[in-house]
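Could you put the whole structure together from the sequences, leaning on the hints where they help?
Spelled out, the chains give:
There are 2 protein chains.
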Amino acid sequence: MAGLLSLFKRRRPEKAPGCSAVIVAAGSARRMEGIDKVLAPLGELPVLVHTLYAFQDCPAIDEIVVVTREDLLVEVSRICKDFAFRKVTKVVVGGAERIGSVQAGLREADPEAELIAIHDGARPLVSQEVIQGVVEAARLSSAAAPAIPVTDTVKWAEGGRTVETVDRSQLWAVQTPQVFEAGLIRGAIQKAIDDGEGLTDDCGAVERLGMPVTLTRGSQENIKITTPLDLAVGEAILRARGEGLL
Amino acid sequence: MAGLLSLFKRRRPEKAPGCSAVIVAAGSARRMEGIDKVLAPLGELPVLVHTLYAFQDCPAIDEIVVVTREDLLVEVSRICKDFAFRKVTKVVVGGAERIGSVQAGLREADPEAELIAIHDGARPLVSQEVIQGVVEAARLSSAAAPAIPVTDTVKWAEGGRTVETVDRSQLWAVQTPQVFEAGLIRGAIQKAIDDGEGLTDDCGAVERLGMPVTLTRGSQENIKITTPLDLAVGEAILRARGEGLL
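One line per chain: the protein sequences are A and B, in this order. Using my numbering, read the first sequence as starting at 1 and increasing by one per residue. Using my numbering, read the second sequence as starting at 1 and increasing by one per residue.
Just so you know, the hints here were simulated from the structure itself, not pulled from any lab data. You can trust all of the hints, since none of them are fake.
If you want a taste of the chain B side facing chain A, the calculated C-beta under 8 angstroms gives, among others: (1) A157; (2) E235; (3) A236.
Ideal placement from N, C-alpha and C gives every residue a C-beta, glycine not left out.
And the structure:
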């Protein structure tokens, strides 16, 4: 009977491991025309609202932790309530550096979650395909990130003069969400903090442990909003999506 | 008397060397939704018309040679006539590869020109500042190109897995126009053709001779139109410029 039960258990479809998303919307104090970039309007909704809809609507995501700045805490909490983002379990204050904000988010994420997706709050146009693809890859390989090929001609320069053209055939521009086995990213970020290392992205912390990161298909549309031009580009993408052009 | 004359000559302000522009609008056979990218409409004018206006209006440019595909020759010639681009001296047919098109343009440019500016026809939003800046730098240093810092996190990857994060602090994405002392670029392109080398940009041919290229200030707005998304971005830039946002 015990044998039968365990057989039955084994034959049940395995529940996919849970994935918590940490949305880093702490930014620096840098503002665009007086508005924090994550709250800037994009197609009539704040940038962060687009971002949260993408994760709220994604079946691969079970929980969302939002990390923000202290002075935005009330506004961001209000947004989560007003738009009824029911997957958002916590809105927390981040650190002065990005890595501190990531750590604050990791600390608040469900300890049972097997995967953690870390995403820039300022990437509002991430698609379901990109999120699903990277979560699936992380299930298989512990660490994954979406990327697009570098299409610009890239030069290595010193003192304003080119030294050489970089072979771009193996260069990839990485995006977010970057998804990791939870214990791996917690350990990697803690080690980076202990070592006093800055990070441009979370993959870097994992790579520093000697582990490769699987790259998945990113999207040209998954832009990071940093400048007024980026906002104009974001508007153009939304408009083109609305017209079925993209 | 002869001495006085030569002194007089030396003291006259030197005429700045002439600069011919070679606009490469030959492209591949790749089309966007049935329309060749250089003829695609951008804010009600074809992409190439924006490009030609930028060079026509630039005091640093004395002559324009347009290189195009055989099947676009009539249409491109008609555009140059209809819009009265009086600096356009020739519209010529390019080669199957970009380097052949550049060579065709170099062959037709005024042999007296001291500088040659080579520009992608599909970069319609280049500003006067970018063109002027790179022409001035080339006058001082024989070879110059506009560039912007790489802001993406860039990974070196093999077989779909990251190997390392590339230090981006010395990485620059180069744009066009790239401007060269005329004899230098003619020799460099001829050597690249003789060596059977492909090129992603013309600077590469000069770098291969062991000469550095001076980088000047490019612009995020100086995009290359390659995809429908790029066209949407171009529209957004035009609109933002119209509203005084950029």
